[in-house]
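> Below, each chain spelled out in residue letters.
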Amino acid sequence: MGNFDGDSGTVFEQSYATTNGNGKVPNGNGAADLSAPEKQELLRKFSAPAYTEIRTRRCQPKPANDAQSPSSINYHPEKKSIPNGHASILDQESKPNQAEGKLSPELEHFQKTSFEEVPLHTACLTYLGFYLLMILGYINQLLFVPKVATEKGRDGYVALYDAFESFYSRYVYRRIKDCWNRPICSVPGDELTLKDRVTDDYGWSFKFTGTETRCLNLGSYNYLGFAAATGQCADDSEESARSSGLAYCSSRCELGDNEQLQELEALTARYFGVEDAIVFGMGFATNALNLPSLLGPNSLVISDEKNHASIILGLRLSGATTKVFKHNNMRDLERVLRQGVCYGNPKKGGQPWDKVMILVEGIFSMEGSIVRLPEVIALKKKYKAYLYLDEAHSVGAMGSRGRGVTDYFNVDPKEVDILMGTFTKSFGSAGGYLAGSKKLIDFLRTNSHAHCYAASISPPIAQQILTSMKTIMGEDGTDIGRKKIHQLARNTRYFRRRLAQLGVITYGHEDSPVVPMLVYLFSKIGAVVRTLTTRHIAAVGAGFPATPIMEGRIRFCLSAAHTKEQLDFALEAIDEIADDLGLKYSRKPRDPNPVIY
Amino acid sequence: MTSIAGGHGEANPNSSWLSARGFWLAYLLGLLSVHLLFLSVPFVSIPWAWTATNLLHNAAHLYFLHVIKGAPWLSTENDPSRRWTHWEQIDDGVQMTTTRKFLTAVPIVLFLLTCLYTRNNTEHFIPNFISLVVVTLPKLPQFHGVRLFNINKY
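Keeping their order, the protein sequence lines are chains F and W.
The opening residue of the first sequence carries number 1 in the UniProt record's numbering; numbering runs sequentially from there.
The opening residue of the second sequence carries number 1 in the UniProt record's numbering; numbering runs sequentially from there.
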């Protein structure tokens, strides 16, 4: 693996060879010349999106020139019939991999992405299950209205919630609300402690039992394991709280600035290899309050359909025109981009836009997929657009040095106009940042709502970021950061391959530490989460309307703090639960060989 | 109240949940099960079972697609869909999509089957035809957003 050091690369290479099933280390001689029709066929195939699109039955006219120019990016495929997703015993040929430098990034990305369409009967059952839930909800709404669902002292006022708009929250989602919102009473490290609750009225109200459950934590975004009650980060943060206090209670433009935050901005800029950076106290606000500063009414934004709510809110506040392209679909992105640039602003009679911006995320937190950054950058250059990359989940978790997807794809960070990320995940802290050219950051320092009006980062929180970032960069004199990055990568590969071996359907890229396991039916989300809790495993469910209606899932988040024994413990429980609840929907062949950690 | 639509995707799932895989099959199976339920009731003849199925189906279409406005979820948007019926929210208002064609065809096919099994008896034909017109008229593209005689305007 080109992204890792030689020793761990050897381990991954052996693991890769073993999963090939032929017991040989790939030697790269498998590449063969292809005839012209075969090349054309491969070009057409690989210009397709990395995922088989969900059949949404939309009647959208396709561009007439699609067949003539399938892609603006030149592919150089070296082999045909490269399997999609997981390794297969049916493929006896050895495959080139990134360690040999044979595969282009596009082919490798396609090869490593896991997506499988829902079986038709499962989708049908999911719909019928939802119908049943809605019918029961209507009956409940007519017959049983507990006190908590009524508003008091509202004479003469408009109701706070429309009865119909709150229907789903109160009568459908309420039944499994305990699987989404669970109180804990410990640091969310590799393990956490849940405060047990019981409900006598199907989720309208809860009572604490006074007992606690110690669980393996697969639900937190603790990618690098810096969320810990002990260690250098905790010690430094405690010292910072004692020396600098708990908060500045002022904005950066007034009394909330000091050397610590300036050092943090300089360190962040150095971390990413760009000119300058600016930090904010809230990760959500980094998107929601800075996009209005960067965009205006005559701006066009092309946004991925799976982007986060903070991005959506920021775009709406900015007043810019937003076009949506299908998730990680480069062909659709180019189609929307071309149409937007050619036809101009329809509200101004087709005049050119002031600016055009592509907005993508590094790792999508619901899908586990990774942005196809080299292709996005190629399109950005072709159409002279800006690129805004939200790395909330990918910073720290991707790349051999933890710098995010730019590190993972070996892309110059200066190619990305605006690097955005949060400190809430891999760094175990709070807040967000924007990094880029000095001209951009200086503009934001005078025009950003979050910089001029919001309170600055609290001193112990800033210290946590500083210590964890220095640990990742190795500036603390140790190699703890590098070890954590490698540990996360190994845990991710191991866990994903073991899940694929079990036969469950997972989404996303094989290097993504966000591992959504599809359970589809709404009721199964609750069953899986509750059963995992009885096995002392804490996981998070995700369902409609946060996901499409028939794609309920359990989202596992891996951490560098997890050990192989912990992952094996979780996988054993998941295997039993998958058997009991019928979650092994995958129709791909399974690798019979044991997965080597 | 922590379940808000639009957190990771579209702000109004009403526009797309009918387009997902499996909906057609689930819809037809649900319709078939209701019809079998009517057929299994003793003392109800086959023509009356078909008429009951057709009328109930069209009543459900009328209520759920053309009377209810807005969405049953709290949304990150300021809910511009509050004034739209469910039918007008499908596919964000784009006409002649596959979903709209399917939902328009089902009442018509069901009406034709009902006529076949009631042998075009006038007593059954009149209510069936009236219900078909009532649910098909608001589905026409020309009636998008139109409120005849201000019916269901607010």
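Since the hints were derived computationally from the structure, they do not count as laboratory data.
Just so you know, even glycine gets a beta-carbon here, dropped at the ideal spot from N, CA and C.
Any given hint could be a false lead.
What the hints assert, rightly or not - Far from chain F, by Cβ distances over 12 Å, these chain W residues were calculated:
| # | residue |
| --- | --- |
| 1 | Phe23 |
| 2 | Leu29 |
| 3 | Phe38 |
| 4 | Val41 |
| 5 | Ile108 |
| 6 | Glu123 |
| 7 | Val134 |
| 8 | Leu137 |
To be verified - What the simulated footprint calls covered on chain F by chain W, stretch by stretch (three residues with Cβ under 8 Å from a Cβ of chain W suffice, anywhere in the stretch; the number is not a length):
| # | stretch |
| --- | --- |
| 9 | 126-139 |
| 10 | 160-169 |
> Check the non-interface label on W:Val41: least C-beta distance to chain F beyond 12 Å or not.
Check passes; 20 Å lies beyond 12 Å.
> May I ask you to check that W:Leu137 keeps its beta-carbon over 12 Å from the closest beta-carbon of chain F?
Holds, since 22 Å exceeds 12 Å.
> Run the C-beta distances from W:Ile108 to all of chain F and say if the shortest one exceeds 12 Å.
Check passes; 19 Å lies beyond 12 Å.
> If I take the minimum Cβ distance from W:Phe38 to any residue of chain F, is it greater than 12 Å?
18 Å, holds
> With 12 Å as the threshold, tell me whether W:Glu123 passes as away from chain F on beta-carbon distances.
31 Å, holds
> Taking 12 Å as the cut and beta carbons as the points, is W:Leu29 off the interface with chain F?
The claim is violated: W:Leu29 sits with its nearest Cβ about 7 Å from chain F, within 12 Å.
> Test coverage of the stretch 160-169 of chain F by chain W using CB-CB distances below 8 Å; three residues minimum.
holds (count 8)
> Quick one: work out the minimum CB distance from W:Phe23 to chain F and report holds if it exceeds 12 Å, violated otherwise.
6 Å, violated
> Is the nearest CB of chain F more than 12 Å from the CB of W:Val134?
Nearest chain F Cβ is 22 Å from W:Val134, so the label holds.
> Holds or violated: the stretch 126-139 of chain F covered by chain W, criterion of 3 or more residues with Cβ-Cβ distance under 8 Å?
Contact hint for the stretch 126-139 of chain F vs chain W: holds, 4 residues under 8 Å.
In terms of the numbered hints stated before, the structure departs from hints 1 and 2, listed from lowest to highest.
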